[in-house]
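Work out the full structure: start from the sequences and follow the hints.
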Amino acid sequence: MTSAAPGQSPWITEFLSGNAHELHQSEMPPAQRCVRLHSLTRPAVVLGSAQVAGSRLGSSEKLAVVAAEVLEQFGCDLAVRRSGGGAVWLSPGDQCWVDIWLPAGDPLWRSDVGQSSWWLGECWAEALAETSQLAAQPVVHRGPLLHRDLAEVACFAGLGPGEVTVDQKKIVGISQRRSRLGARFQCVVYTHWDPKPLLEVLQSCYPQTAAGTEFGHSLGDALNSGVLAVQVAPAEQVAPAPSGVTAERQILDALLASLPR
1 MTSAAPGQSP WITEFLSGNA HELHQSEMPP AQRCVRLHSL TRPAVVLGSA
51 QVAGSRLGSS EKLAVVAAEV LEQFGCDLAV RRSGGGAVWL SPGDQCWVDI
101 WLPAGDPLWR SDVGQSSWWL GECWAEALAE TSQLAAQPVV HRGPLLHRDL
151 AEVACFAGLG PGEVTVDQKK IVGISQRRSR LGARFQCVVY THWDPKPLLE
201 VLQSCYPQTA AGTEFGHSLG DALNSGVLAV QVAPAEQVAP APSGVTAERQ
251 ILDALLASLP R
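For the record, in the sequence shown the residue sitting at position 68 is 68 according to full-length UniProt numbering, with numbers rising by one throughout.
In short, the hints are calculated from the structure, not lab data.
Because the structure is a prediction, the values reported are computed rather than measured.
There's no promise every hint is true.
[Said to hold, decoys possible] Have a look at the derived ranges for each label pair, beta carbon to beta carbon:
{"#": "1", "residue 1": "ARG177", "residue 2": "PRO144", "range": "13 to 23 Å"}
{"#": "2", "residue 1": "LYS169", "residue 2": "HIS21", "range": "25 to 35 Å"}
{"#": "3", "residue 1": "GLU69", "residue 2": "GLY105", "range": "41 to 51 Å"}
{"#": "4", "residue 1": "ASP112", "residue 2": "ASP194", "range": "15 to 25 Å"}
We treat Cβ as the ideally placed atom computed from N, Cα and C, and that holds for glycine.
If you want it as structure tokens, here you go:
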């Protein structure tokens, strides 16, 4: 874990490792801007905070039972985050998962939730244009949530304000949790994408997502054709870096360089 020195970036930078539940339960320093890179120790499907109610996961006891079933059947954890939106698939080495903490009252703070993540989307677009091999310029979505019904089930099946696309394919997902202390933006950029594990777990938890249903077909199409994994340029083409630098660290470094000072 490292922090900014006087005269350097005003962002604290942290590095955490653990399973999805542990990482989502970790708190962030409330009084200062913070960027945290998460490294997973095992794969997980992470549900949004509103996804438990109204499903067969509708209580902590039921969630524990279903989580055990998912672990046994699919070999991955089932976790719940505190921010909203739909489920995401996380697996060691397959994504760059970064949380951003912005204290209330910060100059970047926006009271309008629909606009509150635009600045962050711009930072992501700049970072990925700099460090990744993209066929077109990244675009920040500044409109309302698109495909709400699908997005409420799987984050990357929809497109929300501040999220980023390339050729109409989503490359950055952002969920947000706000409190009187500030806002926590939870961001995922995939470096490898396979929707099959996520779809299998969702189908076991939510009958309406079954492949034979119209909704399940739409969900599968969105996750198969509407998501783009980022191919990071070799480190020596971006900036001098030690050998063995991971793609997620390259992406993080580019994001840190793009954040407002």
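Hint-by-hint comparison with the structure:
Remark: the range hint 13 to 23 Å for ARG177 to PRO144 is upheld by a beta-carbon distance near 19 Å. At roughly 30 Å, the beta carbons of LYS169 and HIS21 sit within the given window of 25 to 35 Å. Between GLU69 and GLY105 the C-beta distance comes to about 44 Å, which sits within the given range of 41 to 51 Å. Distance hint check: the CB atoms of ASP112 and ASP194 are about 36 Å apart, inconsistent with the given range 15 to 25 Å.
Hint compliance for this structure: hint 4 alone is broken.
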